[in-house]
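K.L.:
With the hints as constraints, model all of the structure from the sequences given.
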Amino acid sequence: MKTLSPYALGATLYMPATREDILDVVLHKKLPELRSMVVCLEDAVAEIDVETALGNLHKLLLSIDQQGGRTEDGPMLFVRPRDSQMAAVLNDWPLMVHVDGFVLPKLSMSNLRSWELAVTNPDIFLMPTLETREVFNPVAMVELGAALKQNLDSRIIALRIGGNDLLGCLGLRRNPATTLYSTPMGYVIQMLAGVMGSQGFSLTAPVFERLATPHLLMEELDLDIAHGLVGKTAIHPSQISTIQDSLRVSLEDLNCAKLMLNEVAPAVFNHNDTMCEPATHYKWATNILERAKWHGVKQAEPSQTDQSIRLAEAGR
1 MKTLSPYALG ATLYMPATRE DILDVVLHKK LPELRSMVVC LEDAVAEIDV
51 ETALGNLHKL LLSIDQQGGR TEDGPMLFVR PRDSQMAAVL NDWPLMVHVD
101 GFVLPKLSMS NLRSWELAVT NPDIFLMPTL ETREVFNPVA MVELGAALKQ
151 NLDSRIIALR IGGNDLLGCL GLRRNPATTL YSTPMGYVIQ MLAGVMGSQG
201 FSLTAPVFER LATPHLLMEE LDLDIAHGLV GKTAIHPSQI STIQDSLRVS
251 LEDLNCAKLM LNEVAPAVFN HNDTMCEPAT HYKWATNILE RAKWHGVKQA
301 EPSQTDQSIR LAEAGR
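Note that the UniProt record's numbering has the sequence shown beginning at 1, numbered continuously upward.
Keep in mind that the hints are not guaranteed to be accurate.
[Stated by the list, open to error] Here are the simulated PhoX-like pairs of lysine-lysine, each with C-alpha atoms no more than 20 Å apart in a straight line:
1) Lys2 to Lys149
2) Lys258 to Lys283
3) Lys2 to Lys293
4) Lys29 to Lys59
Honestly, the hints are just simulated from the structure, not real lab data.
P.N.:
What follows is the structure, encoded as structure tokens:
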């Protein structure tokens, strides 16, 4: 069975299945920097347009098939079914061979079994979305995490945090002057990073829907990364490069990670006035190298260039 790295997701762009330009994005003719995309049949499609959207999805997959499949340098392709009943139908489409996986909306313990029965194709990877009121309960999340590990663990790339739906549970909408971390979502993200992260799941960050405040997007991305989130939903193509540039690692972190993973590294050592302990920082170091593999390294500040080069050589 193939594997997909959660760090390969980068900025994930959602596109309603009713759009006519999806094929150009899939085939890398539009948005060449995009790493992953979701063709949405759920919230982005009105009830009266569902049949049209399904027909458009079938047409999209047929066009991909007629072109010999997707290009290797194109974005990962996911489909978000409306519910488990729709997923069961899509699961049996032979053309699903051209799709990497499903995004499962509004997953909870109450519908988990329905999703398990619906998506039986072992080649379809899964990205469950946490966006129901149960998400506010850490005990419920411990239970859900254990259930996911039991039956679906090998197929789950990442868990997606549905920020707008979760705010909707509280009757709230994003404050245009602050990041999500200054709202009740700050607690939710921190809790999920601990509860689900400690069970081995990767998590992606909620969408930032305020296009007029890119400085807040960058501030929120810094906090996303500080909480260990591996990617972020993009609401607009203009956000793609900002999200993926933020996922680049610093030379300092890259060199530190390499030193920690060196087979002759001491049990504890000082690196740039910071204590490093490979036994406890091993997972952090491997995650840094994986992020660097997919997103590269941030450009060093001019004043840091000489030191960065020296550290890079030391980490070889």
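K.L.:
Confirm or reject each hint.
P.N.:
Status of each hint after checking the structure:
no.: 1; hint: Lys2 to Lys149; in the structure: holds (18 Å)
no.: 2; hint: Lys258 to Lys283; in the structure: holds (12 Å)
no.: 3; hint: Lys2 to Lys293; in the structure: holds (18 Å)
no.: 4; hint: Lys29 to Lys59; in the structure: holds (18 Å)
This entry satisfies every hint, going by the numbered hints stated previously.
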